[in-house]
Each structure stands twice: as C-alpha cells, then as structure tokens.
Amino acid sequence: MNTEQFISQKVAECAKALYNTEGAPLQFQKTRKEFEGDITLVAFPLTKLSRKSPEQTGTEVGEWLKANVPQVEAFNVVKGFLNIKLTKDFWLQQLSEIVSDKSFGVQQKGTSGKTVMVEYSSPNTNKPLHLGHIRNNLLGYSVAQILEANGHNVIKVNLVNDRGIHICKSMLAWKKFGNGETPQLAGKKGDHLVGDYYVKFDKLYKQQISELMATGVSEDDAKKQAPAIIEAQDMLLKWEQGDKEVVDLWKTMNGWVYEGFDVTYKQLGVSFDKIYYESNTYLLGKEIVNDGLKKGVFFKKEDGSVWIDLTADGLDQKLLLRSDGTSVYMTQDLGTAHQRFEEYKFGELIYVVGNEQNYHFQVLKLVLKKLGYDWSDYIYHLSYGMVELPEGKMKSREGTVVDADDLMEGMITTARETSQELGKLAGIPQDEQQQLFRMIGLGALKYFILKVDPKKTMLFDPKESIDFNGNTGPFLQYTHARIRSVLRKAQEQNLQPTTGTAVPGEREVELVKNLADFPQVVAQAGAEHSPALIANYVYELTKEFNTYYHDVSILKEENTEIKLQRLELLQQIGNVIKTATGLLGIEVPERM
RNA sequence: GGUCCGGUAGCUCAGUUGGAUAGAGCAACAGAUUUCUAAUCUGUCGGCCAUAGGUUCGAAUCCUAUCCGGAUCACCA
3 MNTEQFISQK VAECAKALYN TEGAPLQFQK TRKEFEGDIT LVAFPLTKLS
53 RKSPEQTGTE VGEWLKANVP QVEAFNVVKG FLNIKLTKDF WLQQLSEIVS
103 DKSFGVQQKG TSGKTVMVEY SSPNTNKPLH LGHIRNNLLG YSVAQILEAN
153 GHNVIKVNLV NDRGIHICKS MLAWKKFGNG ETPQLAGKKG DHLVGDYYVK
203 FDKLYKQQIS ELMATGVSED DAKKQAPAII EAQDMLLKWE QGDKEVVDLW
253 KTMNGWVYEG FDVTYKQLGV SFDKIYYESN TYLLGKEIVN DGLKKGVFFK
303 KEDGSVWIDL TADGLDQKLL LRSDGTSVYM TQDLGTAHQR FEEYKFGELI
353 YVVGNEQNYH FQVLKLVLKK LGYDWSDYIY HLSYGMVELP EGKMKSREGT
403 VVDADDLMEG MITTARETSQ ELGKLAGIPQ DEQQQLFRMI GLGALKYFIL
453 KVDPKKTMLF DPKESIDFNG NTGPFLQYTH ARIRSVLRKA QEQNLQPTTG
503 TAVPGEREVE LVKNLADFPQ VVAQAGAEHS PALIANYVYE LTKEFNTYYH
553 DVSILKEENT EIKLQRLELL QQIGNVIKTA TGLLGIEVPE RM
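Quick note, my numbering runs 2 ahead of the 1-based positions in the first sequence.
By construction, these hints were calculated from the structure, which means they are not laboratory data.
Check the hints yourself; a few may be wrong.
[What the hints assert, rightly or not] Pairs of lysine-lysine residues, derived as DSSO-like cross-links and limited to a Cα-Cα distance of at most 30 angstroms, are as follows:
| # | residue 1 | residue 2 |
| --- | --- | --- |
| 1 | Lys104 | Lys68 |
| 2 | Lys276 | Lys453 |
| 3 | Lys303 | Lys253 |
| 4 | Lys226 | Lys177 |
| 5 | Lys453 | Lys35 |
| 6 | Lys68 | Lys87 |
| 7 | Lys371 | Lys347 |
| 8 | Lys288 | Lys302 |
| 9 | Lys111 | Lys580 |
| 10 | Lys111 | Lys90 |
| 11 | Lys190 | Lys178 |
| 12 | Lys177 | Lys90 |
| 13 | Lys104 | Lys457 |
| 14 | Lys371 | Lys453 |
| 15 | Lys111 | Lys87 |
| 16 | Lys426 | Lys515 |
Using the sequences and the hints, build the whole thing.
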C-alpha cells in the first residue's frame with residue numbers, strides 16, 4: 003500500500019468520526035520542501051463539512067490523526083494545508099516492503115487480462131528511416147514496455163507500407179540507372195540504396211517537368227505529362243496485375259530494404275511481435291464499406307464512389323471507396339482494425355502515428371462507431387509532433403532529412419570522443435568500451451526524445467544532446483554505474499545489504515519516499531501512455547540520490563547497522579533506475 | 001475560411017483531478033575536491049505563465065474572445 007492510500011484511508015476514518023460522512027472529498031499532494039511533513043491534505047474541500055475555517059479544519063483533522071494513528075508523528079497547518087509527518091518506523095516499513103518485492107513497480111505481463119495492441123514505426127519501403135521515425139519508434143516501444151509493466155498482454159505490430167507509386171519510382175530509377183547494382187556490390191545498406199534511387203527518380207522527374215514547362219506547358223500539366231511519372235504509374239498498374247517481372251523486382255528491392263531496416267531496428271533496440279504488409283491488407287475493408295452502404299451509414303455518388311457525410315459531427319465528407327471500386331487509405335484501415343479485433347479481441351489498440359494524421363484517426367474512430375462497433379472506443383491515436391533541428395525544419399520534401407543510421411552513428415561517435423577527452427574508461431577492455439559508447443550515445447538520444455511531451459513539436463540539437471550533465475540519459479547511466487560500483491566494493495568486503503531496524507535519517511527518508519512512488523508512476527504512465535512521466539520520475543530520483551551520495555558516506559560509516567541499511571537503500575535505488583530506464587528502452591551499464 | 005494542437009526564464013523543457021512564494025537542466029557568474037567513480041555537488045542571476053475578460057476561497061491549469069506558430073481539410077498513404 004502506498005503512502006497516499008494509507009493516509010487517505012485514515013483521514014476518511016477521521017472524517018467519519020468528526021463529521022459523520024462517508025466519501026469525504028480528500029485531496030492530497032506531496033509536501034513542499036519548504037514545509038515540514040511528508041504528505042499534505044488540502045483542507046479547503048473539507049470546510050463544507052466542518053463548517054469551520056480551513057485552518058481550524060486542518061488542525062482538527064491533524065489532532066485526530068495524531069491521537070488515533072500511531073504512524074503519524076506530527077502535523078502542522080499552514081494557510082489551510084495540513085502537513086502530516088509520518089514516523090521513521092513507517093518509512094522503514096515502506097523500505098522493507100520495497101525490498102521484499104522482487105519486481106517492485108512492475109506487474110507480470112498478462113496479469114491484467116487485458117490485451118493491448120501497439121502499432122508503431124510503419125515505414126515506407128522506398129527510403130531509409132529518418133529522425134521522425136526515431137521519435138515514432140522510441141515512443142511506440144517505450145509505451146509498449148510501460149503497458150506490459152502494467153500487466154497487460156501487449157502485442158507490438160508494424161504495418162509496412164510496401165506498395166504504391168513511391169516504390170515504383172525507386173524501382174523505375176533502378177531499372178534505368180542501376181546496371182544491376184545490389185547492396186552487396188555497392189557496399190551499402192539496402193534501404194539506403196533503394197532510397198538513393200528514389201532520389202534519382204525525383205531528379206529525373208523534376209528535370210522533365212522543367213523541360214516541359216520551357217515548351218510552354220503549365221506546371222500542373224507538366225507534372226502529369228512527364229514521361230517518368232507515366233512510366234511509374236504504368237509500373238504500378240503492372241504490379242497490381244501481377245506482372246511477373248515487376249513483382250519480382252519489387253520483391254528483390256523490398257528485400258533489400260527489410261535487411262536494412264532490421265539493422266536500424268536492432269541498433270535502436272526496438273522489436274515487433276508481428277509485421278503486417280500493406281500489400282496483404284490493402285484490399286481489406288471493402289466488405290465493411292458495403293455493409294455500411296446497406297445500413298445507410300454511407301452513400302454512393304453518381305460516379306460510383308462511396309462516401310460518408312460527417313458534416314453533422316463538424317467534419318467533412320470523406321471518401322471510402324474510389325469510383326473504380328478500389329480501396330483508399332481509410333478503407334484499408336477500417337479493414338485492418340476489424341481484422342485485428344476479430345483476431346485478438348483487444349481492450350485497446352494504440353496507433354503511434356504523427357499528428358499530421360489526427361484528422362484521419364478522428365474519422366476512423368467515428369466511422370467505426372457509426373457502424374456500430376463498440377470497440378472503436380478502444381482505439382487511441384498516440385499522436386506526436388515533428389522533430390525540428392536547429393538549422394530548420396525536418397521535412398523530407400525540403401531535403402534536409404537526418405538519416406536515422408547516420409544520427410545514431412553520430413551519437414556513438416560523440417560519446418566516444420567525449421569519454422576520451424575526459425580520460426574515462428581507460429582501464430576497460432576495448433570491446434566493452436565499444437558497448438558503452440553505444441549505450442551512452444543511444445541512451446542520450448532516447449532520453450532526450452522521450453522526456454518531451456509527445457504531442458509537442460520538439461527541437462533536437464545533436465550537438466547539445468550528449469551533455470553529460472543535467473537532465474540527460476548519460477547522467478542516469480553514470481549514477482547507476484556509481485551505485486553498482488559501491489555495491490561491488492561492499493560485496494568484496496562481504497557486506498550484505500539489509501533493511502535492519504536502524505532509524506533512518508531525514509535524507510534516507512526522502513529517498514524512500516521517492517522510491518515508494520514508483521509503482522504509482524508506472525500506473526499513471528500506462529494510463530496516460532506517457533514515457534515522459536517515467537523519465538521525469540527517474541530523473542528526480544537520480545538527482546535526489548546524487549545530492550545524498552555527495553555528502554553521506556556509506557562504506558565509511560562506522561555503525562554497521564546503518565551502513566548495511568544504506569547499502570540496501572542504494573541497491574533499491576539502483577534497481578529502480580534500471581527498471582525505469584528499461585521502460586524507456588535505455589540500457590544502463592554496470593560501470594562506465 | 002472550418003477543425004485540431006501548441007505558446008511557461010536568454011535556450012531546451014516540467015508543472016498531477018484548479019491549491020501554498022510557478023520549477024528543473026543548459027548557458028552566465030561564484031564556490032566545493034587527498035572521492036564510495038567530480039561525467040558530481042552547493043549557491044547567485046534570470047518570469048506580465050502570449051493578450052484581455054470571466055468562473056471562485058484560490059487559475060499557468062477551466063470558460064469566452066483575440067494575437068502568434070504548426071498541422072489538417074485529396075478518387076495520396
């Protein structure tokens with residue numbers, strides 16, 4: 003039981019005794035540092051029951067608690083805030099509960115009985131992953147970890163957009179200029195190679211457009227008439243007809259891309275339980291549309307296209323099926339959602355997709371609801387904002403994309419350079435050093451991105467992101483390494499951490515308080531799909547610990563009982579840092 | 001133009017269901033070291049919480065309007 007639950011129960015008893023009411027409005031908050039106490043009751047809401055001033059009410063409740071609850075050591079009332087101080091024994095008890103819980107703060111996967119599907123990443127196969135995908139992948143993976151820690155049965159899925167005109171563009175350029183080039187021959191990752199041909203297509207296409215415009219053709223017409231685009235469209239048609247040559251090339255080039263993606267995903271540390279390919283799902287959903295037509299939820303225009311009118315809901319009319327009977331994006335998403343629900347009966351379906359698709363998901367949910375699918379309420383669009391760079395906005399159209407592989411490599415390099423400048427890690431073997439540089443570089447990147455509220459547009463500065471001071475991933479990693487180092491030394495001296503019965507000091511109580519919050523933070527982060535909550539929590543804990551560590555000795559402490567108790571506390575803090583950063587997908591080293 | 005999201009220190013960001021004097025980090029400045037790992041810690045400086053009204057014991061937080069920035073409103077995905 004956490005502190006708030008405990009004290010809340012006691013105050014409820016108090017309210018019953020004093021005011022003879024059940025379900026009194028109780029509002030708690032952490033006691034601010036400038037006041038004495040551990041937890042604070044806001045007295046204002048209770049004044050309606052007590053019919054007294056906030057100060058009098060607070061005092062009244064405080065006196066009752068002090069008289070009736072042995073764990074309450076003292077209280078004070080400041081301007082209608084009742085600050086309650088709990089006994090050291092209470093905190094000692096909390097610590098021993100934390101210690102006895104082997105997987106403190108984390109539920110075992112599947113114990114909640116709820117199935118949650120998280121779709122994230124969802125790349126196109128015509129170019130490598132970029133900075134925007136990094137935010138997507140980190141968010142998706144972390145949210146999945148957090149939900150799993152809440153005991154849900156989490157299924158991570160990736161929906162790969164492997165078909166369409168964009169792939170045909172790469173394929174066409176490869177046919178024109180490739181001369182049989184392969185990733186092996188070029189010595190290049192497959193996704194990068196295919197991306198290069200996409201760029202080549204774009205160059206050719208633009209050149210043809212300007213040539214046409216020079217002969218007096220309008221820009222719009224030129225875009226439609228350029229031979230390159232006509233060829234690409236022709237290729238798409240052939241693909242849909244199952245033309246063997248086109249399909250074979252498509253398979254080959256997509257294969258290259260997947261090999262490349264696998265490397266990137268592995269480096270990022272993300273994974274999937276199931277991968278869906280759009281080439282298999284793009285025809286889904288037509289039955290649902292027909293069903294909607296029968297029910298009269300949708301309507302057909304003269305040209306045969308199918309629409310839904312959402313103007314009554316403040317939205318527009320939305321196309322669901324083209325006049326030629328083919329699917330659009332929405333049709334497909336209706337189909338996959340339906341298929342997934344039939345298959346898994348999920349209690350929640352989370353789409354990690356950029357905020358440029360907010361409207362799409364609003365419509366998706368609404369359409370499903372109008373069709374009578376109750377589970378449309380289980381859909382949650384985890385929307386995130388763009389990642390900007392100091393030099394300007396990161397948009398693929400503007401050609402300033404930061405490639406995901408390059409970025410990660412750059413982070414690792416910076417970690418290496420900084421370590422060497424500071425003369426760290428000298429006594430550590432080469433291969434372990436390599437591992438550490440990777441851990442630090444990626445930890446910096448992940449923490450920097452995940453600590454920001456997803457829906458906000460954020461600024462990522464590669465130069466400043468590896469700052470080993472302050473609110474950063476490396477700071478957490480370093481703190482963990484120090485804790486482990488002290489514990490190793492203790493082990494050498496045959497010291498076994500234990501909670502014991504020594505009365506903890508104020509500093510220790512402060513840390514136990516922080517630790518005891520962890521399960522609640524995990525629960526809240528799960529409910530709000532928010533890795534940022536975890537990040538903020540673990541940073542606060544780490545900071546608190548660092549000040550403590552700086553001026554309290556542990557191994558030099560002469561009282562053995564206190565020493566062992568501090569070691570125990572140390573161990574638990576290390577464990578929580580490791581667990582919490584794990585929820586963010588950040589690895590934490592034993593030494594660095 | 002309609003809809004959605006954002007605007008908090010010079011910079012990057014926190015700020016719980018409305019709660020006490022709005023917080024961190026970076027940067028700047030001033031300190032602390034024979035370390036249990038100083039990649040650390042302490043202190044100072046820094047604010048019309050975009051603006052104006054409203055709701056109430058109490059507003060960065062809720063409501064209304066306005067300003068600024070972004071996204072979106074395709075027979076693209």
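Hints not upheld, ascending by number: 1, 3, 10, 12, 13, 14, 15, 16
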